[in-house]
Structures are given as structure tokens and as C-alpha cells.
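Enquirer: Spelled out from the first residue to the last, the chains are:
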Amino acid sequence: MFIRILTVSFVLLGFSVQNAGAAGDQVSPPSQPWSFYNGPAGVFGYYDQASMQRGLKIYREVCASCHSLKRVYFRNLEALGYNEAQIKNIASEYTVVDGPNDEGDMFDRPGKPSDKFVSPFANDNAAKYANNGAFPPDLSLITKARAKGPDYLYALLTGYAQPPAGEHVSGGQHWNTYFPGHKLSMAPPLSDGQVSYEDGSPETLDQYARDITHFLAWAADPYMEERKKTGLKVLIFLLVFAGVMYSVKKKVWKGAH
Amino acid sequence: MGSANREKFDNTVVEWIDSRMPIFTILNKEYGVFPTPRNFNYFWNFGAIAMFMLMTMIITGIILAMHYTADTKLAFDSVERIMRDVNGGWLLRYIHMNGASFFFIAVYIHMFRGIYYGSYKKPRELLWILGVIIFLLMMATAFIGYVLPWGQMSLWGATVITNLFSAVPFVGNWIVETLWGGYSVDNPTLTRFFALHFLLPFVIFAVVFLHVWALHVSGSNNPLGIEPKGPQDTLPFNPYYTAKDTFGLVVFMVAYAFFIFFAPDFLGHPDNYIPADPLVTPAHIVPEWYFLPFYAILRAVTFSINWYLIIGAGLCAYAFIKWMTKNKERESFFVKEYMVFVLPALFLFVLGAVIAFIPVSEQQFVDGELQYVGIARIIEGIRYYFTFDFLIPDSIRGTTEAVEMRVAIDALLIPISAKLGGVLAMFGSIALLIVLPWLDSHPVRSARFRPLFRIFVLLFTVSVGILGYAGSQPADKVYWSTCLGDAVACEALAHGGHGAGAEHHSDASATTIIKLDNTMLAQAFTGFYFAFFLIIIPLLGRFEKARALPYSIHEAVLGKEQRAGV
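From first to last, the protein sequence lines stand for chains A and B.
Using numbering that gives the first Met the number 0, read the first sequence as starting at 0 and increasing by one per residue.
Using numbering that gives the first Met the number 0, read the second sequence as starting at 0 and increasing by one per residue.
Treat the hints with care, as some may be off.
Unchecked claim - Chain B stretches covered by chain A per the calculated footprint, using a threshold of three residues with CB under 8 Å from any CB of chain A:
{"#": "1", "region": "236-243"}
{"#": "2", "region": "247-256"}
{"#": "3", "region": "271-283"}
{"#": "4", "region": "391-404"}
Said to hold, decoys possible - Derived lysine-lysine pairs resembling BS3-like cross-links, with alpha carbons at most 30 Å apart:
{"#": "5", "chain 1": "A", "residue 1": "249", "chain 2": "B", "residue 2": "28"}
{"#": "6", "chain 1": "A", "residue 1": "250", "chain 2": "A", "residue 2": "232"}
{"#": "7", "chain 1": "A", "residue 1": "115", "chain 2": "A", "residue 2": "69"}
{"#": "8", "chain 1": "B", "residue 1": "228", "chain 2": "A", "residue 2": "253"}
{"#": "9", "chain 1": "A", "residue 1": "147", "chain 2": "B", "residue 2": "72"}
{"#": "10", "chain 1": "B", "residue 1": "418", "chain 2": "B", "residue 2": "514"}
{"#": "11", "chain 1": "B", "residue 1": "321", "chain 2": "B", "residue 2": "121"}
{"#": "12", "chain 1": "A", "residue 1": "69", "chain 2": "B", "residue 2": "72"}
{"#": "13", "chain 1": "A", "residue 1": "127", "chain 2": "B", "residue 2": "228"}
{"#": "14", "chain 1": "A", "residue 1": "115", "chain 2": "B", "residue 2": "72"}
{"#": "15", "chain 1": "A", "residue 1": "250", "chain 2": "B", "residue 2": "28"}
{"#": "16", "chain 1": "A", "residue 1": "56", "chain 2": "A", "residue 2": "228"}
{"#": "17", "chain 1": "B", "residue 1": "476", "chain 2": "B", "residue 2": "514"}
Claimed, not checked - Some chain A residues close to chain B (C-beta under 10 Å, calculated; not the full set):
{"#": "18", "residue": "70"}
{"#": "19", "residue": "135"}
{"#": "20", "residue": "231"}
{"#": "21", "residue": "240"}
{"#": "22", "residue": "251"}
Because the hints were derived from the structure by calculation, they are not lab data.
Values in this document were obtained by computation on a predicted structure and should not be read as measured data.
Every residue, glycine too, gets a C-beta built ideally from N, C-alpha and C.
Using the sequences and the hints given, assemble the complete structure.
Expert: Set out below in C-alpha cells:
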């Protein structure tokens with residue numbers, strides 16, 4: 000009975016939270032020019048490998064200290080343009096807990112391409128405990144799990160600001176224009192010059208935000224390019240088929256009315 | 000399914016089978032030479048399209064079930080594994096996910112066609128009812144299916160919707176606990192939903208078989224709504240309609256494929272890519288788009304329904320039915336016995352509405368004095384006597400005893416709570432479709448020859464769309480508001496709307512805020528939804544003058560050319 004009351008009150012809470020959200024606390028992020036939205040309705044979308052490689056670097060040097068990427072395998076990095084040796088090399092920089100071995104013990108070993116990205120914390124509670132109770136979400140689906148995901152992520156990373164007059168932000172929280180409710184536990188993670196690029200790209204917050212978003216958009220939707228290429232073929236086939244069927248129909252119906 | 004008048008087949012294998020079980024004879028009779036009205040428009044494609052969607056859903060669903068794990072700890076990961084690691088898994092899942100939406104699109108167009116062209120009328124009532132049953136089964140299947148990925152919206156959508164059943168008197172809690180398999184939406188819920196989601200499509204398939212069987216007894220309706228009079232009015236199903244249906248299906252598939260490949264998550268909700276968490280409630284719980292009109296009707300009932308409203312509505316309905324069925328001379332209406340019902344009914348309605356809609360003010364008494372003047376005093380007086388508030392002695396007002404007494408009186412006065420009312424309205428809105436053949440007594444089927452019916456069907460369609468929009472918006476979203484009364488106080492309200500301090504309270508009493516919010520929008524169009532079925536359709540059935548029907552399908556279709564030729 001208690002659980003049911005609890006559940007119902009959560010639901011009621013949900014409706015009241017929904018109302019709070021409607022009061023104008025959410026700012027719609029402006030649209031950005033992403034290569035994966037290339038073409039009308041994004042039909043010619045593609046991932047920019049250089050941008051994704053820089054994004055991976057940012058993830059590994061900055062985000063990975065708090066955020067996991069637990070649904071992505073090292074072998075998936077092939078899509079970023081890395082060859083087998085490079086992927087093996089990246090994977091081997093991680094320590095993976097494996098086991099139990101023949102003696103029943105867990106043991107550490109270097110990562111392999113068939114491993115997933117190693118999470119920074121052993122479990123969700125450890126992640127919360129290390130971050131003042133705020134849970135840093137897994138990033139493997141983050142651009143799909145937010146409305147206008149890539150635009151939102153870019154806007155969030157570049158949207159830190161001083162709170163407007165009259166708004167109080169308590170310790171450990173940070174004002175962000177685009178975060179629902181504006182008070183975000185994550186400190187501004189990126190700033191100009193923080194990560195060094197080897198390919199001469201500008202080392203600015205704007206570029207960092209674009210690159211990490213590009214990388215995470217791929218992580219959330221790794222089959223996007225294959226999907227859109229297949230889609231174009233399917234659509235062309237269906238349109239031709241529809242044309243054929245239209246003339247078949249016309250021929251069959253000739254004389255019927 | 001006898002084989003008495005069977006024609007022999009040339010192919011020996013076909014003949015061998017057919018002579019033992021005349022399956023080829025039946026196929027040829029029902030899908031080969033089956034006489035079909037020659038004047039179908041493209042609205043008649045959607046039955047075949049819905050059938051295609053059902054098969055698509057069953058085939059992709061079975062393959063997805065091979066890779067899915069129904070366990071709260073693994074379900075989300077197993078779906079992501081399908082998306083990332085299973086060969087072609089992303090395609091299968093996107094076909095299935097968007098397939099649900101396109102199945103509903105096809106079925107909604109199919110239903111619109113049925114209403115617009117009067118396909119539910121005699122002799123096709125049972126055919127129509129079987130269709131409504133398919134629609135109900137689809138809704139159950141789709142709702143259950145949305146729970147399986149075990150994202151945030153899966154969990155919370157399931158929690159909100161299953162909780163509704165607790166409003167059912169006596170057995171409500173039992174129903175909810177049976178659906179849940181426990182005391183909250185949890186692993187037992189997920190496993191039984193998976194089992195049911197696997198089962199129900201085959202039940203749908205069985206009812207579709209009955210639906211098609213009934214169709215092949217009565218034959219198809221057509222845009223003119225008149226029965227074929229002979230072979231000149233029909234064409235064999237094959238090749239005429241096999242060709243036309245295939246063309247329509249392929250065009251439909253273009254739109255379907257566009258969503259699968261270029262906007263696969265457009266019709267879903269981003270929150271369902273967050274693993275379900277019973278401790279975190281999403282900011283905005285919404286069902287899938289195809290449920291939104293019904294969700295709006297559910298939320299529109301924000302008031303409890305007291306006996307005055309029920310008896311008033313009952314008397315009105317009685318008088319309305321009497322008038323519709325017996326009295327032929329309209330002018331005698333006002334002197335006949337119906338007045339005996341109508342006046343008390345209206346009186347009870349006003350009473351019930353005052354009690355149900357106008358909220359009780361907390362500032363009723365100040366120092367023991369009723370603070371109202373004019374109409375507010377009348378309303379308060381009505382409330383005082385007709386909610387039996389006078390039974391509560393003044394001496395105990397403000398105590399818990401008085402509150403308990405009030406609760407006890409309300410329990411007798413209000414048989415239908417707002418929550419139960421919402422559930423009844425939601426299911427009632429679909430139940431009305433079942434009785435539609437008997438609500439509409441007009442002899443003409445097609446809206447083409449019923450100008451008023453046509454207008455109202457189109458208005459109804461638009462209002463269902465608006466209800467869908469209302470269902471997607473927060474209940475208290477304000478579309479328009481204005482402040483009447485003291486200008487200074489209004490100014491203060493407009494500026495200090497958020498943190499209105501104590502000093503605003505005295506000013507606020509001098510103002511009246513008139514607003515149109517989302518609940519009122521939903522209530523207005525819910526009212527129209529029910530009025531369409533319960534008032535407009537019966538009235539039109541009796542009074543609408545139809546335009547002249549053509550003599551036959553053949554004449555209507557070929558008339559022009561013949562005239563030109565002759």
C-alpha cells in the first residue's frame with residue numbers, strides 16, 4: 000500500500016513538475032550547422048572524422064573523469080578513421096577488470112578492441128557520491144535522450160553565464176542558460192585552450208563544444224551514415240516502383256471507366 | 000466452404016489439393032473474381048495498407064523478440080544491443096517503432112473513411128464493430144509495446160495509465176495489482192507485458208480475419224454509399240484492385256520509409272532513451288502521439304460528477320429519446336409531456352454544474368459573515384443547501400469533525416469522482432464508435448449526399464486533431480488571459496505574478512482573471528466529441544435532407560462519358 004501511495008505521489012509530482020517546466024524555464028537551443036544534418040531533412044548527412052577524433056580526445060581528457068560511455072566498444076572507433084593498430088593502442092591504455100580466472104580471482108588486464116569504454120566509477124552510487132549527489136549521466140545516448148540533442152549539447156556546453164539579477168545560485172551549482180531550471184551541478188567543463196589539438200584546429204570553447212558533440216552524436220547513432228545511404232536507395236527504389244505500379248494500374252484500368 | 004460448384008484447375012498439383020480442400024477455389028472467389036464496386040477512391044486503399052502494416056509488425060516483432068530480454072535490469076541494454084550489435088538490428092527496430100505509428104495512421108484514415116462514407120451502416124454494423132475491436136486491441140498492444148524498451152517514458156507512461164484503473168469501483172485495486180503483478184510497475188509488469196505484447200498481435204490477426212470475412216459477406220461500401228445493382232456496377236478484385244492497392248501501398252511506403260531512414264526518432268520521445276528510473280520522474284509525461292486525443296479527453300474531466308448532473312443528464316436523454324422516437328409533430332413538443340422532464344432536467348443541470356465547476360472559496364466566511372453579494376451569494380446559497388452543507392452544525396465548523404462529515408456527505412452526493420469520470424469519458428469515447436450504427440438512423444450512407452453531415456464529420460475530424468494537440472500540452476498552459484477590474488491591481492498581478500507577496504492578496508480580490516487554459520480547450524472539444532455522437536448525429540439522422548442519390552454506380556461513373564458519346 001505504501002509503495003502505491005509513493006508511486007501515485009510521484010506521478011502527481013510528475014504532473015506538477017511538468018507544469019513548472021511549462022512556466023518558461025526551458026530555453027530552446029539555436030540550431031547549429033552539423034554535417035550529420037547535411038542536405039534537406041538531413042538526407043546527405045555524414046560524420047566528420049577529424050571532428051570526431053578531436054571529440055574523442057576531449058572525451059578522454061575531460062568528460063571521462065566523470066561520465067561513462069559504456070555502450071561504445073573500442074572496436075567501434077574504426078568509424079572515426081582509426082586503423083586496427085591504433086584502436087588496439089587506444090584500448091590498451093585502459094585497464095579492464097576481467098575474470099574470474101581459473102583460480103576464481105578477478106584480475107586487471109589492458110583493454111582490447113572487443114572491450115567497451117571503461118566507466119570512471121564502479122557503479123551509479125559511487126558516481127553520485129563523488130559528485131555531491133548529482134549523477135553524471137552516461138554519454139553513449141545523450142544526443143538522442145534530449146530534445147534537439149546535438150544543438151542542446153552544444154548550447155549547454157557554451158551556455159554557462161552569470162545568473163541574472165535576483166537569481167541565487169547555491170554553492171556547487173552553476174547557472175546555465177539552456178539547462179532546464181538553469182541550475183546545473185556540472186561546473187563549466189571546457190574553456191579556451193584547455194585541450195591541445197594536433198591538427199591545427201582552433202583551441203576554443205566553441206570548437207571543443209562542436210567536436211565533443213559531433214563525437215557523442217556518433218556514439219548515440221553509429222549507424223546514421225549507413226541508415227541514410229540505405230534510405231536513399233530505398234526511397235529511389237520505392238519511387239520507381241510507385242511509378243511502375245502507377246502505369247500498371249493505368250493500363251489495367253484502361254477502359255474500365 | 001463447400002466445394003459443390005468447383006471448377007477444375009489445369010495444374011495437376013493445384014487440382015489435387017483443391018479437390019481435397021478447395022483453398023484455391025476460395026482464394027479465387029474471395030480475392031480473384033470477388034465483385035468489388037468499380038468506383039473506389041484512394042481512401043479504400045487503407046484496409047490493405049493496414050493489413051500490410053500488421054504483417055510488418057508481426058514479422059519484425061518476432062525477430063526483435065529473439066534478441067530482446069524482458070527483465071528490468073537488462074531490457075534497455077538489450078534494445079541498445081539490437082540497435083548497435085545485432086546485424087540489421089537498427090533497421091528492424093526502426094521499422095517496428097515507426098511501424099506502430101504508421102499502422103495507426105493507416106487505421107485512423109481507414110476509420111475516417113468508414114465514418115465519412117457511412118460504411119458502418121446496415122448491413123455492415125458487425126463489420127464496423129469488429130473494426131472497433133481491432134482498434135481497441137491495437138491500442139492495448141501499442142501501449143504495452145511502448146513499455147518494453149524500459150526507458151523513462153515506458154515506466155512513467157505505464158505508471159500513469161495503469162493507475163487509472165484504480166478509479167474503477169470495487170475491483171479497481173485488484174485490476175491494477177493484476178496488471179502490475181505487484182504494488183508498482185516493476186519486473187513482473189514488464190514480463191507479463193512482454194508475453195501479452197507477443198500474444199495480442201495474433202488475437203488482432205484473428206479478429207482481422209473475422210473483419211474480412213464479414214466484409215466478404217456484405218461486400219464493400221463505396222464513395223456513393225449505394226449498393227451495386229448488378230455486374231455493371233462492379234469489377235473483379237483482381238487485377239483492378241490488386242493493381243490499385245499495390246500502387247497506393249507503395250506510395251504509403253515512401254512516407255513510411257522516409258521516417259524509418261531519415262527521422263526514425265521524430266515520432267518518439269527523447270526521454271525513452273534514458274533508462275527507466277523509479278526515483279526520477281520525467282518533467283513531462285506524455286503518451287505516444289496516437290493516444291493524445293484520448294489522453295486529452297481523460298484529462299478534460301477535472302470535476303467530480305454529482306447526482307444532480309447524472310439525474311439531469313438522464314432526464315434530458317430520456318426526453319431526447321422520447322422526442323426523437325415517438326413525436327412526429329415537432330410543434331407539439333413544447334406542450335407535450337416532455338416538458339415535465341426538460342425543465343427539472345435543466346434545473347438539476349445548473350445545480351450540478353454550479354456544485355461541480357465553481358470551486359469552493361476559502362474566504363467564504365469572514366468573522367462568521369458570508370462575504371458575497373449578488374450572483375456570488377446566490378451561488379454560495381445553492382452550494383450551502385444543495386450540497387447539504389446546512390447539515391453541518393455551525394458550532395463544529397473548522398474542526399476535523401466537520402471535515403469528516405463533509406467527506407461522508409460527498410461520498411453519497413458524488414458517485415463518480417473526477418478520476419473515474421475521466422476514465423469513463425476516455426473509454427466512452429471509443430465505446431461510442433461501437434454504437435455508432437444505431438446512433439445514426441439516416442438512410443443515406445455517403446457524406447457526399449449529406450451536406451450537413453459532411454460539415455460536421457470534417458469539424459469532428461479537426462476537433463480530434465485539436466484534442467490531440469491539447470493532449471500533448473501541459474494541463475495549465477494558458478493560451479489567452481485578461482484581467483478585469485481594478486487597473487492597479489491588475490498591473491501588480493501582471494508584474495508580480497511569480498512572487499506575489501502578501502500585500503497583493505487584498506488587491507487581487509478586486510480583480511477577476513479570465514483565461515483560456517489547456518484544460519478548458521480540452522473540455523470544449525471533448526464536449527464537441529460527445530455532442531457529435533450523442534446529439535448531432537441522431538438529430539441529423541432524423542432531420543437532414545439528403546441530396547438525390549444517383550440511380551446506380553455504373554450511371555454515376557460512366558454517366559459523363561456516355562452523355563458525351565451520345
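Enquirer: All hints, please: hold or fail.
Expert: Hint check:
1. 236-243: Holds, because 4 residues of the region 236-243 of chain B bring their Cβ atoms closer than 8 Å to Cβ atoms of chain A.
2. 247-256: holds (count 5)
3. 271-283: Three-residue rule met by the region 271-283 of chain B, so holds; n is 7.
4. 391-404: As far as the region 391-404 of chain B goes, the hint is violated, because 0 residues have Cβ atoms under 8 Å from chain A.
5. A/249 - B/28: Status holds; Cα separation ~24 Å.
6. A/250 - A/232: 27 Å, holds
7. A/115 - A/69: Judged against 30 Å, a Cα distance of about 6 Å means the pair holds.
8. B/228 - A/253: This hinted pair holds, its Cα atoms lying about 22 Å apart.
9. A/147 - B/72: Holds, at about 28 Å.
10. B/418 - B/514: The hint holds at about 24 Å.
11. B/321 - B/121: 23 Å, holds
12. A/69 - B/72: Distance of about 15 Å is within 30 Å: holds.
13. A/127 - B/228: 76 Å, violated
14. A/115 - B/72: 18 Å, holds
15. A/250 - B/28: Satisfied, since the Cα-Cα distance of roughly 23 Å is no more than 30 Å.
16. A/56 - A/228: 28 Å, holds
17. B/476 - B/514: Since the Cα atoms of residue 476 of chain B and residue 514 of chain B sit roughly 10 Å apart, the hinted pair holds (cutoff 30 Å).
18. 70: Check passed: Cβ of residue 70 of chain A comes within 6 Å of chain B, closer than 10 Å.
19. 135: 13 Å, violated
20. 231: Holds, about 8 Å.
21. 240: 5 Å, holds
22. 251: Since the shortest Cβ distance to chain B is 4 Å, the answer is holds.
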